[in-house]
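Undergrad: Input sequences plus hints: build the corresponding full structure.
Protein chains: 2
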Amino acid sequence: MTENTSAYHPLTVEEAIDVARSVTNVFYPTDDLICDEIGDGNLNLVFRVRLAHSESASHTPSLIVKQALPYAKVVGESWPLTLERARIESDALLFQGKLVPQLVPHVHYYDETMAMTVMEDLSDHVIMRKGLIEGNRYPLFADHISEFLAHTLFFSSDLGMNQQEKKLHVQRFINPELCKITEDLIFDDPYTNSPNNNIDEQLLADHAKLCSDHKLHLEVALLRQKFLTSAQALLHGDLHTGSIFITPQSTKVIDPEFAYYGPIGFDIGAIFANLLLNAAGHEHWSHEEQLREVHRNYLLSTIREIWNRFDEKFRSLWDEHGVDRISRTKGYQDLYMEQILQDTIGYTGSKMIRRIVGLAHVADVGSIPDQAAKLRAQRIALQLGTALVKSNRRIRSIEEMFTICEHAYKGVYTS
Amino acid sequence: MTENTSAYHPLTVEEAIDVARSVTNVFYPTDDLICDEIGDGNLNLVFRVRLAHSESASHTPSLIVKQALPYAKVVGESWPLTLERARIESDALLFQGKLVPQLVPHVHYYDETMAMTVMEDLSDHVIMRKGLIEGNRYPLFADHISEFLAHTLFFSSDLGMNQQEKKLHVQRFINPELCKITEDLIFDDPYTNSPNNNIDEQLLADHAKLCSDHKLHLEVALLRQKFLTSAQALLHGDLHTGSIFITPQSTKVIDPEFAYYGPIGFDIGAIFANLLLNAAGHEHWSHEEQLREVHRNYLLSTIREIWNRFDEKFRSLWDEHGVDRISRTKGYQDLYMEQILQDTIGYTGSKMIRRIVGLAHVADVGSIPDQAAKLRAQRIALQLGTALVKSNRRIRSIEEMFTICEHAYKGVYTS
Numbered sequence: 001m002t003e004n005t006s007a008y009h010p011l012t013v014e015e016a017i018d019v020a021r022s023v024t025n026v027f028y029p030t031d032d033l034i035c036d037e038i039g040d041g042n043l044n045l046v047f048r049v050r051l052a053h054s055e056s057a058s059h060t061p062s063l064i065v066k067q068a069l070p071y072a073k074v075v076g077e078s079w080p081l082t083l084e085r086a087r088i089e090s091d092a093l094l095f096q097g098k099l100v101p102q103l104v105p106h107v108h109y110y111d112e113t114m115a116m117t118v119m120e121d122l123s124d125h126v127i128m129r130k131g132l133i134e135g136n137r138y139p140l141f142a143d144h145i146s147e148f149l150a151h152t153l154f155f156s157s158d159l160g161m162n163q164q165e166k167k168l169h170v171q172r173f174i175n176p177e178l179c180k181i182t183e184d185l186i187f188d189d190p191y192t193n194s195p196n197n198n199i200d201e202q203l204l205a206d207h208a209k210l211c212s213d214h215k216l217h218l219e220v221a222l223l224r225q226k227f228l229t230s231a232q233a234l235l236h237g238d239l240h241t242g243s244i245f246i247t248p249q250s251t252k253v254i255d256p257e258f259a260y261y262g263p264i265g266f267d268i269g270a271i272f273a274n275l276l277l278n279a280a281g282h283e284h285w286s287h288e289e290q291l292r293e294v295h296r297n298y299l300l301s302t303i304r305e306i307w308n309r310f311d312e313k314f315r316s317l318w319d320e321h322g323v324d325r326i327s328r329t330k331g332y333q334d335l336y337m338e339q340i341l342q343d344t345i346g347y348t349g350s351k352m353i354r355r356i357v358g359l360a361h362v363a364d365v366g367s368i369p370d371q372a373a374k375l376r377a378q379r380i381a382l383q384l385g386t387a388l389v390k391s392n393r394r395i396r397s398i399e400e401m402f403t404i405c406e407h408a409y410k411g412v413y414t415s
Numbered sequence: 001m002t003e004n005t006s007a008y009h010p011l012t013v014e015e016a017i018d019v020a021r022s023v024t025n026v027f028y029p030t031d032d033l034i035c036d037e038i039g040d041g042n043l044n045l046v047f048r049v050r051l052a053h054s055e056s057a058s059h060t061p062s063l064i065v066k067q068a069l070p071y072a073k074v075v076g077e078s079w080p081l082t083l084e085r086a087r088i089e090s091d092a093l094l095f096q097g098k099l100v101p102q103l104v105p106h107v108h109y110y111d112e113t114m115a116m117t118v119m120e121d122l123s124d125h126v127i128m129r130k131g132l133i134e135g136n137r138y139p140l141f142a143d144h145i146s147e148f149l150a151h152t153l154f155f156s157s158d159l160g161m162n163q164q165e166k167k168l169h170v171q172r173f174i175n176p177e178l179c180k181i182t183e184d185l186i187f188d189d190p191y192t193n194s195p196n197n198n199i200d201e202q203l204l205a206d207h208a209k210l211c212s213d214h215k216l217h218l219e220v221a222l223l224r225q226k227f228l229t230s231a232q233a234l235l236h237g238d239l240h241t242g243s244i245f246i247t248p249q250s251t252k253v254i255d256p257e258f259a260y261y262g263p264i265g266f267d268i269g270a271i272f273a274n275l276l277l278n279a280a281g282h283e284h285w286s287h288e289e290q291l292r293e294v295h296r297n298y299l300l301s302t303i304r305e306i307w308n309r310f311d312e313k314f315r316s317l318w319d320e321h322g323v324d325r326i327s328r329t330k331g332y333q334d335l336y337m338e339q340i341l342q343d344t345i346g347y348t349g350s351k352m353i354r355r356i357v358g359l360a361h362v363a364d365v366g367s368i369p370d371q372a373a374k375l376r377a378q379r380i381a382l383q384l385g386t387a388l389v390k391s392n393r394r395i396r397s398i399e400e401m402f403t404i405c406e407h408a409y410k411g412v413y414t415s
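Just so you know, the protein sequences line up as chains A and B, in that order.
For the first sequence, the UniProt record's numbering gives the first residue as 1, with consecutive numbering after it.
For the second sequence, the UniProt record's numbering gives the first residue as 1, with consecutive numbering after it.
Hints in this document: simulated from the structure, not taken from any laboratory.
Treat each hint with caution, since some may be false.
As the list claims (entries may be wrong) - Quick list of in silico lysine-lysine cross-link-like pairs, BS3-like style, CA-CA up to 25 Å:
(1) B:K390 / B:K215
(2) A:K226 / B:K226
(3) B:K130 / B:K98
(4) B:K226 / A:K180
(5) B:K330 / A:K390
(6) A:K226 / B:K330
(7) A:K226 / B:K390
(8) B:K226 / A:K313
(9) B:K330 / A:K209
(10) A:K180 / B:K330
(11) B:K330 / A:K330
(12) A:K252 / A:K130
(13) A:K226 / B:K313
(14) B:K215 / A:K330
(15) A:K330 / B:K180
(16) A:K390 / B:K226
(17) B:K180 / A:K226
(18) A:K215 / A:K226
(19) A:K390 / A:K226
(20) A:K410 / A:K209
(21) B:K98 / B:K313
(22) A:K180 / A:K226
(23) A:K330 / B:K98
(24) B:K330 / B:K180
(25) A:K313 / A:K226
(26) A:K209 / A:K98
(27) B:K226 / A:K330
(28) B:K313 / B:K226
(29) A:K130 / A:K98
(30) A:K330 / A:K209
(31) A:K215 / B:K330
(32) B:K215 / B:K410
(33) A:K98 / A:K313
TA: Now the structure itself:
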């Protein structure tokens with residue numbers, strides 16, 4: 001597990017071109033290539049290498065060279081990170097690529113010393129968060145993402161993978177540093193006066209309420225415990241709408257550097273939280289409640305469809321590919337799915353809260369120019385998040401989530 | 001993680017003597033040493049090296065040389081096992097030795113190539129199972145074993161160990177092969193017609209009932225799921241009374257080769273199950289119910305004392321050494337302890353059942369010469385085990401366990 005960091009150095013643009021050129025069957029040796037560093041993440045360099053003289057940026061051969069940096073940019077060089085996460089990301093992409101090749105970027109090559117992965121360029125896609133902020137719809141998304149979730153989670157769990165092989169998988173995906181970021185930013189800081197928090201002046205009173213809500217803290221402690229101990233399946237680990245490249249026809253899940261064995265509901269909750277944050281963000285759209293409601297209903301029905309399809313697909317993989325007789329125990333599947341649903345609700349709520357008062361916000365809400373609309377959006381997210389976290393252990397059906405959602409909107413509008 | 005097996009070979013008696021002699025400060029270079037292979041386990045060679053000419057076997061310098069075999073003796077050479085488990089055992093002993101040195105054998109030396117650990121000889125102790133079968137009492141045992149459980153489990157969990165360090169610990173103690181034995185022999189075989197089972201003719205009807213009890217199967221599936229996924233603390237993993245050396249003054253926990261990160265209740269349940277099996281085994285003692293009841297009550301009050309002391313010690317370690325502020329969340333400790341209790345009850349029951357109809361029986365019941373008494377003991381164990389498994393998720397207090405116990409005895413005596 002030790003890293004050979006002696007030859008490691010951050011790539012230059014010229015080196016990225018050389019690396020890309022060495023991948024066979026993409027460029028001709030005589031091609032004139034150019035390269036841009038396009039990373040907007042916090043932990044990596046991302047180079048896009050393509051033909052110098054092409055008319056359309058999106059329809060020529062091109063490649064991505066992604067390299068891990070030994071620190072997190074978001075907090076300067078003072079937050080050091082080992083390069084091991086690049087190995088985990090490339091391993092996770094390869095695992096997912098075997099199960100759902102159509103839903104992840106193709107990996108051409110991984111170099112451990114340089115902590116570098118060469119992969120398919122997806123510049124013809126947009127980041128889903130951006131697309132949703134612009135009000136776009138993705139009618140195939142629920143089908144695609146439920147396919148991604150069902151397959152990657154089922155086949156990495158004890159239900160779909162030989163249990164001894166799975167243990168070696170757990171070992172391979174132990175990811176202390178990236179998990180630490182989640183443990184602090186999602187399950188700790190938002191509920192206390194942490195210097196990591198990033199709280200709008202107008203939300204200080206709301207945050208004070210979060211800090212004194214003991215019922216909420218107990219549920220967060222339990223969700224955190226599960227995050228720390230439940231090695232249920234190989235998670236993506238950071239599955240927000242900024243980790244999804246999308247077009248109306250295609251969905252590609254990227255950036256699994258937070259991958260580790262955790263509770264299944266954590267990945268599903270990440271998706272739901274970010275769709276609900278987008279819905280809240282559309283408070284700025286217009287003063288016509290009707291227009292906002294149409295978009296919100298689109299997102300809520302997407303959530304319903306994701307859950308129902310996930311539930312259906314996961315169960316059908318289970319029935320068809322369950323690796324042992326115990327998994328067929330009467331009543332076991334129903335209890336298992338109910339537990340996933342409850343966890344999903346809890347993680348959905350905790351991820352909404354952290355995006356409003358924690359370190360890293362989302363543009364869906366954070367970039368709202370009108371202060372009154374922004375405050376409304378923030379409060380909807382906090383109230384909904386809090387209600388979901390508090391109710392997680394009692395939930396029996398996805399429909400209860402929508403009732404809670406309705407109450408949160410009403411609460412903010414009538415307060 | 002690859003093993004250098006090239007130089008590995010099973011030790012001879014002469015080699016064991018040489019190894020023991022190389023340990024400093026135990027023998028004089030001129031000492032005449034003798035060696036016996038005393039292993040009665042299934043997976044290892046155990047050599048005892050001591051002075052050739054000493055009057056008392058138990059008060060002279062001596063050492064144990066324990067070597068893992070690359071197969072399990074219990075099922076012949078056809079069940080191959082890697083030698084990695086010797087590394088895990090020695091690692092676990094060293095970890096436990098730092099926390100509770102008075103409760104584990106001292107490790108002098110570990111040799112990875114030979115899969116061999118040189119450790120303190122405990123021949124002045126007896127195996128606790130044997131002592132209990134003879135009707136002996138160990139008044140300090142509850143205090144000792146609760147100390148062992150509280151310290152080893154607390155300080156290896158996310159409550160008492162830095163969470164990032166703990167993840168590396170999880171990685172170090174991934175133990176697929178030995179866990180597989182538990183998964184099959186405890187959570188699978190006893191509930192089906194497995195060729196691994198070892199069922200007395202007179203119990204075939206009782207076993208058939210186990211095989212068709214769907215409510216029981218569901219609970220076993222959930223307990224198994226937790227065994228597979230819950231990385232709560234570093235368990236001993238095989239903590240029955242055959243893994244404990246004892247005298248009235250001293251308790252030493254040995255043989256942690258099954259160590260891995262699992263649910264805390266699994267270790268506590270192993271102790272409880274074996275005390276309850278011993279109680280059931282005393283059905284052969286005499287026709288005087290009173291005598292049996294005195295021994296049973298001694299064992300039940302030992303269980304009560306173990307739980308209460310464990311609960312008290314674990315909570316006080318938590319209050320004093322909890323590594324983060326989240327662990328101090330109001331109500332969290334109570335819920336956590338209740339969950340441990342429920343798991344303990346469930347694992348107690350499943351371990352009782354497997355010792356009656358599974359592959360490996362216990363002498364407490366298995367060696368009863370009188371067939372009627374043996375059948376009574378077996379039925380008490382099966383009924384009690386079944387009732388405990390079925391009730392595990394509803395239990396709120398250790399006292400409920402004793403009520404269930406009373407019912408099981410009544411049930412067998414009145415049927």
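Undergrad: Do the alpha carbons of A:K98 and A:K313 lie within 25 Å of each other, as the hint requires?
TA: Holds: A:K98 and A:K313 sit about 17 Å apart, inside 25 Å.
Undergrad: If you draw a straight line from the CA of A:K209 to the CA of A:K98, is it 25 Å or shorter?
TA: With Cα atoms ~46 Å apart, A:K209 and A:K98 exceed 25 Å; violated.
Undergrad: Mind checking the alpha carbons of B:K226 and A:K330 for me, to see if they're no more than 25 Å apart?
TA: With a Cα-Cα distance of about 17 Å, the restraint between B:K226 and A:K330 holds, given a limit of 25 Å.
Undergrad: For the pair we were handed, B:K98 and B:K313, check the Cα-Cα distance against 25 Å.
TA: Satisfied, since the Cα-Cα distance of roughly 17 Å is no more than 25 Å.
Undergrad: Keeping to a limit of 25 Å between CA atoms, is the pair of A:K226 and B:K330 held or broken?
TA: 17 Å, holds
Undergrad: B:K313 and B:K226: Cα distance at most 25 Å?
TA: 24 Å, holds
Undergrad: Sort out whether A:K313 lies within 25 Å of B:K226, counting only the CA atoms.
TA: Answer holds: B:K226 to A:K313 is near 23 Å, not above 25 Å.
Undergrad: Going straight from one Cα to the other, do A:K226 and B:K313 come out at no more than 25 Å?
TA: 23 Å, holds
Undergrad: Can you confirm whether the C-alpha distance between B:K330 and A:K209 stays at or below 25 Å?
TA: This hinted pair holds, its Cα atoms lying about 16 Å apart.
Undergrad: Within 25 Å, alpha carbon to alpha carbon, are A:K215 and A:K226?
TA: It holds: about 17 Å lies between the C-alpha atoms, which stays within 25 Å.
Undergrad: Does A:K180 pair with B:K330 here, judged by a C-alpha cut-off of 25 Å?
TA: 23 Å, holds
Undergrad: Is B:K215 close enough to B:K410, meaning Cα to Cα at most 25 Å?
TA: Roughly 22 Å between the alpha carbons, so the hint for B:K215 and B:K410 holds.
Violated hints, listed in ascending order, are 3, 11, 23, 24, 26, 29, 30; each of the other numbered hints is respected by the structure.
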